[in-house]
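**Student:** Please build the complete structure, drawing on both the sequences and the hints.
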Amino acid sequence: MANTSLIQLENNPQIDAAAERLSMSRREFLQFCAALATTLGLPQGADAAVAEAVATKKRPSVIWLHFQECTGCSESILRAEHPTLEKLILDIISLDYHETLFAAAGHQVEAARHAAMRENKGQYILVVEGAIPTRDNGVYCKIGGKTALELLKECAADAAAVIAIGSCASWGGMPSTGPNPTGASSVDKVLGKPVVTIPGCPPNPYNFLTTVVHFLTFGALPAVDHLGRPKFAYSRLIHENCERRAHFDAGRFAMEFGDDGHRKGYCLYKLGCKGPETYANCSVILFGDAGAGTWPVACGHPCIGCTEQGVGFEKPIHAMAKLKNIEPSAFLPRIVEEKGMGASLGSAAVLAAVAGAAAGAGAMVAKNLGLSHQAEEMERAKQEASTSARSEG
Amino acid sequence: MTTRRDFLRGCLAGGAAAAATVVPEVACARDTLQRPPEALGLLYDATLCVGCQACVAACKQVNANPAEFTAVDKLWDTPLDTSGHTFNLIKMYRNGTMETKDAETNGFAFMKTSCMHCADPSCVSACPVSAMTKDPLTGVVGYDADACIGCRYCVAACPFGIPKYQYDSPTGKIGKCELCRHRHKDGHYSACAEVCPTGATLFGRTEDLLAEAKRRLALKPGEWTTMPRGRLAKPGETAEEAARWKGLRNQDYAAQVGAYKQHVYGETEYGGTQVLKLSAVEFEKVGMPNLPPKAAAATSETIQHSLYGGLVMPLAVLAGLTWVAKRNVVHDEDDKQGGQS
Numbered sequence: 001m002a003n004t005s006l007i008q009l010e011n012n013p014q015i016d017a018a019a020e021r022l023s024m025s026r027r028e029f030l031q032f033c034a035a036l037a038t039t040l041g042l043p044q045g046a047d048a049a050v051a052e053a054v055a056t057k058k059r060p061s062v063i064w065l066h067f068q069e070c071t072g073c074s075e076s077i078l079r080a081e082h083p084t085l086e087k088l089i090l091d092i093i094s095l096d097y098h099e100t101l102f103a104a105a106g107h108q109v110e111a112a113r114h115a116a117m118r119e120n121k122g123q124y125i126l127v128v129e130g131a132i133p134t135r136d137n138g139v140y141c142k143i144g145g146k147t148a149l150e151l152l153k154e155c156a157a158d159a160a161a162v163i164a165i166g167s168c169a170s171w172g173g174m175p176s177t178g179p180n181p182t183g184a185s186s187v188d189k190v191l192g193k194p195v196v197t198i199p200g201c202p203p204n205p206y207n208f209l210t211t212v213v214h215f216l217t218f219g220a221l222p223a224v225d226h227l228g229r230p231k232f233a234y235s236r237l238i239h240e241n242c243e244r245r246a247h248f249d250a251g252r253f254a255m256e257f258g259d260d261g262h263r264k265g266y267c268l269y270k271l272g273c274k275g276p277e278t279y280a281n282c283s284v285i286l287f288g289d290a291g292a293g294t295w296p297v298a299c300g301h302p303c304i305g306c307t308e309q310g311v312g313f314e315k316p317i318h319a320m321a322k323l324k325n326i327e328p329s330a331f332l333p334r335i336v337e338e339k340g341m342g343a344s345l346g347s348a349a350v351l352a353a354v355a356g357a358a359a360g361a362g363a364m365v366a367k368n369l370g371l372s373h374q375a376e377e378m379e380r381a382k383q384e385a386s387t388s389a390r391s392e393g
Numbered sequence: 001m002t003t004r005r006d007f008l009r010g011c012l013a014g015g016a017a018a019a020a021t022v023v024p025e026v027a028c029a030r031d032t033l034q035r036p037p038e039a040l041g042l043l044y045d046a047t048l049c050v051g052c053q054a055c056v057a058a059c060k061q062v063n064a065n066p067a068e069f070t071a072v073d074k075l076w077d078t079p080l081d082t083s084g085h086t087f088n089l090i091k092m093y094r095n096g097t098m099e100t101k102d103a104e105t106n107g108f109a110f111m112k113t114s115c116m117h118c119a120d121p122s123c124v125s126a127c128p129v130s131a132m133t134k135d136p137l138t139g140v141v142g143y144d145a146d147a148c149i150g151c152r153y154c155v156a157a158c159p160f161g162i163p164k165y166q167y168d169s170p171t172g173k174i175g176k177c178e179l180c181r182h183r184h185k186d187g188h189y190s191a192c193a194e195v196c197p198t199g200a201t202l203f204g205r206t207e208d209l210l211a212e213a214k215r216r217l218a219l220k221p222g223e224w225t226t227m228p229r230g231r232l233a234k235p236g237e238t239a240e241e242a243a244r245w246k247g248l249r250n251q252d253y254a255a256q257v258g259a260y261k262q263h264v265y266g267e268t269e270y271g272g273t274q275v276l277k278l279s280a281v282e283f284e285k286v287g288m289p290n291l292p293p294k295a296a297a298a299t300s301e302t303i304q305h306s307l308y309g310g311l312v313m314p315l316a317v318l319a320g321l322t323w324v325a326k327r328n329v330v331h332d333e334d335d336k337q338g339g340q341s
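Sequence lines, in order, name chains A and B.
Going by the numbering used here, the first residue of the first sequence is number 1, and it counts up by one from there.
Going by the numbering used here, the first residue of the second sequence is number 1, and it counts up by one from there.
Errors might be hidden in some of the hints.
Derived, one-sided and incomplete: chain B residues facing chain A with beta-carbon distance under 7 Å [unchecked claim]:
(1) 57
(2) 58
(3) 80
(4) 81
(5) 92
(6) 93
(7) 97
(8) 98
(9) 195
(10) 218
(11) 220
(12) 248
(13) 283
(14) 286
With a cut-off of at most 27 Å between alpha-carbon atoms, the simulated BS3-like pairs for lysine-lysine come out as follows [what the hints assert, rightly or not]:
(15) 121(A) to 193(A)
(16) 315(A) to 294(B)
(17) 220(B) to 101(B)
(18) 339(A) to 173(B)
(19) 60(B) to 220(B)
(20) 246(B) to 264(A)
(21) 261(B) to 322(A)
(22) 185(B) to 322(A)
(23) 285(B) to 339(A)
(24) 153(A) to 193(A)
(25) 220(B) to 315(A)
(26) 324(A) to 326(B)
(27) 231(A) to 101(B)
(28) 60(B) to 214(B)
(29) 261(B) to 246(B)
(30) 324(A) to 246(B)
(31) 324(A) to 101(B)
(32) 339(A) to 214(B)
(33) 382(A) to 367(A)
(34) 324(A) to 264(A)
(35) 220(B) to 322(A)
(36) 324(A) to 185(B)
(37) 60(B) to 339(A)
(38) 146(A) to 57(A)
(39) 87(A) to 146(A)
(40) 285(B) to 264(A)
Think of the hints as simulated: they come from the structure by calculation, not from any bench.
Computed from a predicted structure; not experimentally measured.
Quick reminder that beta carbons are idealized off the backbone N, C-alpha and C, glycines included.
**Tutor:** Following this line, the structure appears as structure tokens:
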């Protein structure tokens, strides 16, 4: 890691310049960097490294492809607020090709893509939004006369990193649900190699931004799980950090939309919430930068599991989630719980001594019982003998 | 001349003869009692249980029981066993690395611990004052604190260790699950079943629950099936019958069939219990004792009622004692001379 101390960035003109470029105060800029570092779960000091990287490194070139999708992922990214995305895509990264956001059109924009790919060969980041139709040689999606299959393979060949954004690019998502007439497939299947995936419908913009900034700062993509999802965002079940979790544990459930429990904010599990089987950080970082209560579950709708292959767009919304976090709880008692403790050596010794003394005393008493009676008898016999001797005498 | 001694001897002989004629009539065996036809109960399916303990929390709430702490921080209700203030508890079987749920080796499994509401309850049989009662209609084993004398025979009698005494109070009572019978009149059924998110605890008529349990045993493990939650409706239940109970009528959902041991615990144990259990781990390993179909209450009551019927045993013992006493008594005539000295 490069710099680990914010103090070293004191009076650094590059930081001030970067802040100004992003229309932020210096303080806001450093807070933004710290927030990204925190989202990544990086240790203390990483904020300085992120700030330095954002301020000094060359902006990475980003090529953004659209295939079978609704542009919801792009819309989601556009709604990130700190910094506003136009600053981010123009100043932190260099977005060199994006079909929705580009002012140019036609041959002009295709030329821009070729130019960016040539100039940043082996350096640029390829972001793919949408599934790739594979049936009938991919004729179902064409841009500039090229099929999605061709475009993806062409752009991925010289990319430093490939990021699949959204559920469609990650595993096929909604277009790939049965009967899947276009043979919609995912980026990793088409390329035949694992890529970083940011699933979600739409995904949280900060999960994408943080992944990009991680690449910028450390020159490598963040650690991912077996489905290519960055672990900093997709290693926890929504259920584990859900604000309604206490209601689940206490057995308070909304039974129908609009019923008393639903109005009171009870757990949505029985309405089909997929939080217990969906890995994502929605319950932690929320959505849309509008403060608390701005993610589906908080609004009263059960999670549909959009980040989870086999759950989102596949299981009906009302269908019950399979709880993935059934783990042995430390709180539950054993079948037979040992209570109290065995005798200590000291207490056993004391008890043995008392018992021994009692047994000894008992034996002595028993022995003496007969003796005293015998002695009494002998005494009386002696007295009788003396009286009778006296009377005779 | 009839002496006082002769009179007593005659009385005793007569009594013994009378007892001998009475014995064959009273020594009749008592059969194990069976569940009433409309018996209410629970079905606990350990493979559906997720260990959330919502049932434990709900039980405490509706029975106004305080939390019990076993950890030093005193933050959570953590009873180690059922007690005078804990009528329902989820316990956990642990083995090895505890990796897989419902696996016997290197696994873990949950088990609900609460009153089984036996068809022939030992606690009711042992209670000397009828503080423990079995409802003739619902079969709920209830407790009447006003009749209780605090002898705790029920505590010793129960094979499941359920009735527990409140030792922390000078005026302690027995604490046990009464199937939320105090809430039945308001249309509420057992709170543990009301709140269970997965239908692991299901309320209903034991007859229907037994049919449901057998349906699950007949399915293939891993297969998807419809599992009821909350209250299991009686087949062909009318709207009028359903209106007796509050809550949603249909909370069915799709779930996977567990790898059950082919045994419904409580079907025949001690003549049957009204609370039934299904488990993927051997029942003895999850704390459910292996019990014969003949209830202990039937055996003990047969013995007791035979012995005490028509005062047979007291009379027989008195006769025996008298005979021994008579044999050892030295006759007056023998020590007449000594007495004169």
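**Student:** Which of the listed hints are not met by the structure?
**Tutor:** Violated hints: 7, 10, 11, 13, 16, 19, 22, 26, 28, 29, 30, 32, 36, 38, 39 and 40; rest satisfied.
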